[in-house]
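*Asks:* Protein chains in written order, with our numbering: chain A, 18 to 134; chain B, 7 to 124.
Hints are computed from structural coordinates only; laboratory data are not their basis. What you are looking at is a predicted structure, and each value in this text was computed from that prediction instead of being measured. Just so you know, even glycine gets a beta-carbon here, dropped at the ideal spot from N, CA and C. Check each hint, because a few of them may be wrong.
To be verified - Derived SDA-like pairs (lysine to any residue); straight-line CA-CA distance at most 20 Å:
(1) B:K84 - B:F70
(2) B:K116 - A:G59
(3) B:K111 - A:Q34
(4) B:K111 - A:D90
(5) B:K111 - A:T72
(6) B:K111 - A:L112
(7) B:K111 - A:M36
As the list claims (entries may be wrong) - Simulated restraints, written as ranges between beta carbons of each label pair:
(8) A:L96 - B:K84: 25 to 31 Å
(9) A:G80 - B:A7: 37 to 43 Å
(10) B:A77 - A:T32: 46 to 52 Å
(11) A:A19 - B:Q75: 35 to 41 Å
(12) A:G80 - B:K79: 28 to 34 Å
(13) B:A77 - A:K26: 40 to 46 Å
(14) A:D90 - B:T9: 27 to 33 Å
(15) B:A7 - A:T24: 31 to 37 Å
(16) B:E16 - A:T87: 37 to 43 Å
(17) B:L53 - A:G80: 26 to 32 Å
(18) A:T32 - B:S86: 46 to 52 Å
(19) B:E16 - A:D73: 33 to 39 Å
(20) B:P15 - A:E76: 19 to 25 Å
(21) B:Q50 - A:P78: 22 to 28 Å
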Amino acid sequence: NAGVTQTPKFQVLKTGQSMTLQCAQDMNHEYMSWYRQDPGMGLRLIHYSVGAGITDQGEVPNGYNVSRSTTEDFPLRLLSAAPSQTSVYFCASGLFGLGVRGANVLTFGAGSRLTVL
Amino acid sequence: AQTVTQSQPEMSVQEAETVTLSCTYDTSESDYYLFWYKQPPSRQMILVIRQEAYKQQNATENRFSVNFQKAAKSFSLKISDSQLGDAAMYFCAYQTQNSGGSNYKLTFGKGTLLTVNP
Numbered sequence: 018n019a020g021v022t023q024t025p026k027f028q029v030l031k032t033g034q035s036m037t038l039q040c041a042q043d044m045n046h047e048y049m050s051w052y053r054q055d056p057g058m059g060l061r062l063i064h065y066s067v068g069a070g071i072t073d074q075g076e077v078p079n080g081y082n083v084s085r086s087t088t089e090d091f092p093l094r095l096l097s098a099a100p101s102q103t104s105v106y107f108c109a110s111g112l113f114g115l116g117v118r119g120a121n122v123l124t125f126g127a128g129s130r131l132t133v134l
Numbered sequence: 007a008q009t010v011t012q013s014q015p016e017m018s019v020q021e022a023e024t025v026t027l028s029c030t031y032d033t034s035e036s037d038y039y040l041f042w043y044k045q046p047p048s049r050q051m052i053l054v055i056r057q058e059a060y061k062q063q064n065a066t067e068n069r070f071s072v073n074f075q076k077a078a079k080s081f082s083l084k085i086s087d088s089q090l091g092d093a094a095m096y097f098c099a100y101q102t103q104n105s106g107g108s109n110y111k112l113t114f115g116k117g118t119l120l121t122v123n124p
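The shape of chain A in the complex, shown without the other chains:
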C-alpha cells in the first residue's frame, strides 16, 4: 500500500516556466487536496477535490490549476512559475463521505520542494 505518492520531491524552475506536480493515491479516497507550506505560515490550502470531475479553490489558488479526471490522481499545475511560488507542496487525501458523520483523517504525501529562481 503506497499511500499518497508525490513527484518530484525536488524541483528548480526559472520564472515563467511551467510544471506539474503529480499526486497519486491508491486508497480509493474521494477527497484530495494540495497545500503549500511556507515558513511561519503553516499549511495553506490551494485547491481541493471531493471526487473525480469536481474541484474547488482553497485559500491561495492564484497561479495554480488542478484537474481530477480519475479518483487516483490530482495533479497541480503551475502555468507560469513566480518566485512567490517557492514553497514546499503537500498533497493529501482522505475519505470524506458527504454527510457521513465520523472522524475523517487526511493522509499526506512526503512533500515536494519547489524553488523558483
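Following the hints, put chain B in place on chain A, whose structure we already have.
*Replies:* Quick look at chain B alone, frame taken from chain A:
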C-alpha cells in the same frame, strides 16, 4: 472564516517530562473536527490525535492527550514522558463538516516547534 491560532512558536521540554502545546480556534459552527499533526525533520505530516467536537470526552493516544474546551474554543495537546523522537513541528488543525457536503477543508495553525532536551 475559521482561524486557528498557536500562540507558542517554540517550546522545549526535558526528556521524560510533560509539555503542553496550546491551540485556540475561532468558528461559528457546532459540528467540526480538530487535529494535531506532527512534522519531524523528515517533513512527513503525521497525525497525532483527533477530536470530534460533538464528543465531550478528551481524545487520548498513548502518551498524547488533548484538553478540549469547546466553549472556550481551546484544544491543547499534552505530551507525557517526552521522548527525543517527539521533537518536531506540531500543527493544530480545524476541519469543518457542515451540511454543505463539500466543505471538508483543513485550516492549520502556524505551528509550534518542539525541542526535546536529553
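*Asks:* It remains to establish, for every hint, whether it holds in the given structure.
*Replies:* Structure-based check of each hint:
As the CA atoms of B:K84 and B:F70 are separated by approximately 6 Å, the hinted pair is consistent with the 20 Å bound. Under the criterion of a C-alpha separation no larger than 20 Å, the hint pairing B:K116 with A:G59 is consistent with the structure, at around 4 Å. This hinted pair does not check out: B:K111 and A:Q34 have alpha carbons roughly 29 Å apart, beyond 20 Å. Between B:K111 and A:D90 the CA atoms are separated by roughly 19 Å; this keeps the pair inside 20 Å, and the hint holds.
In summary, the hint linking B:K111 to A:T72 is supported, as the alpha carbons are separated by about 12 Å, within the 20 Å threshold. For the proposed pair B:K111 and A:L112, the alpha carbon gap of about 13 Å is at most 20 Å, so the pair holds. Restraint check for B:K111 and A:M36: not satisfied, since their Cα atoms lie roughly 25 Å apart, outside the 20 Å limit. Look at A:L96 against B:K84: about 45 Å separates their beta carbons, and that is not inside 25 to 31 Å.
Judged by the Cβ atoms, the range 37 to 43 Å given for A:G80 and B:A7 is violated: they are separated by roughly 21 Å. Between B:A77 and A:T32 the beta carbons are some 49 Å apart, a value that agrees with the proposed interval 46 to 52 Å. At about 39 Å, the CB distance of A:A19 to B:Q75 agrees with the hint of 35 to 41 Å. Between A:G80 and B:K79 the C-beta distance comes to about 33 Å, which sits within the given range of 28 to 34 Å.
Checking the proposed 40 to 46 Å range against B:A77 and A:K26 shows it holds: the Cβ atoms sit about 44 Å from each other. One distance hint, 27 to 33 Å for the beta-carbon pair A:D90 and B:T9, holds here, with the actual separation near 32 Å. The beta-carbon spacing between B:A7 and A:T24, approximately 32 Å, falls within the hinted interval of 31 to 37 Å. Take B:E16 and A:T87: their Cβ atoms lie about 42 Å apart, and the range 37 to 43 Å holds.
The hinted window of 26 to 32 Å between B:L53 and A:G80 holds, with their beta carbons roughly 29 Å apart. Between A:T32 and B:S86 the CB atoms are about 49 Å apart, so this pair conforms to the stated range of 46 to 52 Å. Between B:E16 and A:D73 the C-beta distance comes to about 35 Å, which sits within the given range of 33 to 39 Å. In this structure, B:P15 and A:E76 meet the distance hint of 19 to 25 Å, their C-beta atoms being roughly 21 Å apart.
Checked against the hint of 22 to 28 Å, the C-beta distance between B:Q50 and A:P78 comes to roughly 25 Å, which is consistent with it.
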